[in-house]
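Going down the list, the sequences are from chains A and B.
In this text, residue positions in the first sequence follow my numbering: the first is 1, and each later residue adds one.
In this text, residue positions in the second sequence follow my numbering: the first is 290, and each later residue adds one.
These are computed hints drawn from the structure, not numbers from a lab.
Keep in mind that the hints are not guaranteed to be accurate.
Distance condition first, Cα-Cα at most 20 Å in a straight line; then the derived SDA-like pairs of lysine to any residue [unchecked claim]: (1) Lys-230/A x Asp-215/A; (2) Lys-547/B x Asn-20/A; (3) Lys-71/A x Gln-95/A; (4) Lys-575/B x Leu-280/A; (5) Lys-192/A x Ala-133/A; (6) Lys-568/B x Gly-267/A; (7) Lys-167/A x Glu-123/A; (8) Lys-575/B x Lys-167/A; (9) Lys-575/B x Gly-136/A; (10) Lys-430/B x Asn-20/A; (11) Lys-568/B x Gly-284/A; (12) Lys-259/A x Phe-571/B; (13) Lys-569/B x Pro-23/A; (14) Lys-547/B x Ile-283/A; (15) Lys-274/A x Lys-430/B; (16) Lys-568/B x Pro-23/A; (17) Lys-440/B x Ser-413/B; (18) Lys-569/B x Gly-262/A; (19) Lys-430/B x Arg-7/A; (20) Lys-547/B x Asp-72/A; (21) Lys-440/B x Gln-95/A; (22) Lys-126/A x Gly-136/A; (23) Lys-259/A x Lys-575/B; (24) Lys-394/B x Gly-353/B; (25) Lys-569/B x Gly-284/A; (26) Lys-575/B x Lys-192/A; (27) Lys-575/B x Lys-274/A.
Some chain B residues flagged as far from chain A (calculated, every beta-carbon gap over 10 Å) [unchecked claim]: (28) Lys-365; (29) His-493; (30) Asp-561.
All C-beta atoms, glycine included, are put in the ideal place defined by N, C-alpha and C.
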Amino acid sequence: MGEPFIRVENLEFSYDDEENPIPALRNVSVDIASGEYVAVIGRNGSGKSTFAKLLNLILEPTGGHIYINGKDIADENMTDEDVFAIRRDIGMVFQNPDNQLVATIVEDDVAFGPENLGIPSAEIRKRVDEALATVGMSEFAKHEPARLSGGQKQRVAIAGIVAMLPKCIIFDESTAMLDPVGRANVVDMMEKLNREQGITVITITHYMNEAVRADRVIVFNDGEIVADGKPAEVYANSELIQRAGLDLPQCASLVEGLKAYGISVDGDCTTPEKCADAILRAIGGSRGK
Amino acid sequence: MENKIQIENVSFVYSPGTTYRTDALDDVSIGFEKGKITGLIGHTGSGKSTLVQMLNGLLKPASGRVLIDGEDIWEKPKEISKVRFRVGLVMQYPEYQLFEETVRKDIAFGPKNMGMSDEQIAKSTETVAKIVGLDESVLDKSPFDLSGGQKRRAAIAGVMAMEPEVLVLDEPAAGLDPEGRNSIFAAIADYQKQKNATVIIVSHSMEDMARWCDNVVVMSHSKVYMAGTTDEIFERASELVSVGLDIPEITRLMMLLKKRGLDVDLGAYTVDAAIASVKKLFDENKDR
Numbered sequence: 001m002g003e004p005f006i007r008v009e010n011l012e013f014s015y016d017d018e019e020n021p022i023p024a025l026r027n028v029s030v031d032i033a034s035g036e037y038v039a040v041i042g043r044n045g046s047g048k049s050t051f052a053k054l055l056n057l058i059l060e061p062t063g064g065h066i067y068i069n070g071k072d073i074a075d076e077n078m079t080d081e082d083v084f085a086i087r088r089d090i091g092m093v094f095q096n097p098d099n100q101l102v103a104t105i106v107e108d109d110v111a112f113g114p115e116n117l118g119i120p121s122a123e124i125r126k127r128v129d130e131a132l133a134t135v136g137m138s139e140f141a142k143h144e145p146a147r148l149s150g151g152q153k154q155r156v157a158i159a160g161i162v163a164m165l166p167k168c169i170i171f172d173e174s175t176a177m178l179d180p181v182g183r184a185n186v187v188d189m190m191e192k193l194n195r196e197q198g199i200t201v202i203t204i205t206h207y208m209n210e211a212v213r214a215d216r217v218i219v220f221n222d223g224e225i226v227a228d229g230k231p232a233e234v235y236a237n238s239e240l241i242q243r244a245g246l247d248l249p250q251c252a253s254l255v256e257g258l259k260a261y262g263i264s265v266d267g268d269c270t271t272p273e274k275c276a277d278a279i280l281r282a283i284g285g286s287r288g289k
Numbered sequence: 290m291e292n293k294i295q296i297e298n299v300s301f302v303y304s305p306g307t308t309y310r311t312d313a314l315d316d317v318s319i320g321f322e323k324g325k326i327t328g329l330i331g332h333t334g335s336g337k338s339t340l341v342q343m344l345n346g347l348l349k350p351a352s353g354r355v356l357i358d359g360e361d362i363w364e365k366p367k368e369i370s371k372v373r374f375r376v377g378l379v380m381q382y383p384e385y386q387l388f389e390e391t392v393r394k395d396i397a398f399g400p401k402n403m404g405m406s407d408e409q410i411a412k413s414t415e416t417v418a419k420i421v422g423l424d425e426s427v428l429d430k431s432p433f434d435l436s437g438g439q440k441r442r443a444a445i446a447g448v449m450a451m452e453p454e455v456l457v458l459d460e461p462a463a464g465l466d467p468e469g470r471n472s473i474f475a476a477i478a479d480y481q482k483q484k485n486a487t488v489i490i491v492s493h494s495m496e497d498m499a500r501w502c503d504n505v506v507v508m509s510h511s512k513v514y515m516a517g518t519t520d521e522i523f524e525r526a527s528e529l530v531s532v533g534l535d536i537p538e539i540t541r542l543m544m545l546l547k548k549r550g551l552d553v554d555l556g557a558y559t560v561d562a563a564i565a566s567v568k569k570l571f572d573e574n575k576d577r
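One chain only, chain A, in its complex shape:
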């Protein structure tokens, strides 16, 4: 394996508050490889959103380095074109579906990004059609965004990014304002873009059942990374999860509660399906003891 797609080294960031700057990130170092599906979790104010905004160059680090494809983004020799290239490679979907659609027709909105990149119109047509098909919104191409549901709006926003052919998409609490159906659709979309198109997905979320679907979970607390691993490993450390102000998935809480009675259920218990398997195995094992 060569250079990671994203390398973060000793990253620091403080928000300006005149006299006393507020530190949001402290000494954060992490690598993210191309094609990974990563969930970033942490309580409000833990630094996770700041981290996302730094990756996309919306914010500038106050210390440390971020390398995208081996390039230091703080390098003074970075041209505007280099910055645009990074913003094109790393797309971002935000929380509020009403704040990111600009056009009055769905397909115009999806075309907005590629148009700004100066792509020939025949190519744009192709990309818009493909992007809308990818997110399952083709039949809404001529609709008004204002008449769509929240989940549909988010899928249009995702299509707008997909049409720019990004290498990575960061979802900054993109499901927080959606109902369960909209949320499930958007999470399915993340998984599909990652699995089928190899796009690196970084999702920032408060929902444990979304985080457990990623390949890797990174936990922020108080501006620092306090855990980084497979969902089952991270959630197995219930003490750390609680200290970080997060909830365990309900099934993991059950397993944790059983421990108090001397009953141990081993294995991945992050989802009801996996937990049911683990309980059946444990009961089978306890038989005849």
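Got chain A sorted already, so can you dock chain B onto it with the hints?
Quick look at chain B alone, frame taken from chain A:
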């Protein structure tokens, strides 16, 4: 058991007489028990938001009646604004409606409009600030300098300060982290207790409903699909699934275990109840 609010045969149609005509409520009758927390659940488009707007007279039924303490709220249409002081409605993302210079002034806005005396307002502000967990020091800040969770609590405090007998909240914890969610629900439960208020919460989160509500009303296709105590509703989890609603994750686990031949309690919809039920399985196995 006494109902604070009674909805009788209420129907409502959006854009009647046009091609966009939508039946939002279809002959709905339901009561909301006095002094209890009732959860209102259902799909987007099931009619629950329309129902909520009926409760304080923001919408007028096309037919049917809305009764509070047995009195029809539309009996004297000119006095409908009085109903809005008795039934406090906290909309989704209420923090977008903060606008005053200080948190204190923002909380006082509603009470002032209803004609509370300055003395009363000061007392009420102090009480609700304590309930939602906002420090005295925060009250003199601009609402725009608060964190997201604090803004939400300030906005809810503004409705609580009017001391409504009925408090209705639409997705009060949406978008908050787990700590923020818990502190909001704890504040609502605290208000309920202190004022013996009747509380109605609309939410998509079944885990939260299971944990905080005494009763649950399920809406589907503009009608009440089921209603009962939280125990009664979650015992019928498979019916919730059949109308496309979520169930608590732990209930799904219980259903999976049952399907695979284990004798677990399907009525276990909290983690503690599930622990007890699964523990029993292990105990029985050991004895064999």
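| request: Against the structure, test the hints numbered earlier, and report the numbers of the ones violated in rising order. | output: 2, 3, 8, 9, 13, 15, 16, 19, 20, 24, 26, 27, 29, 30
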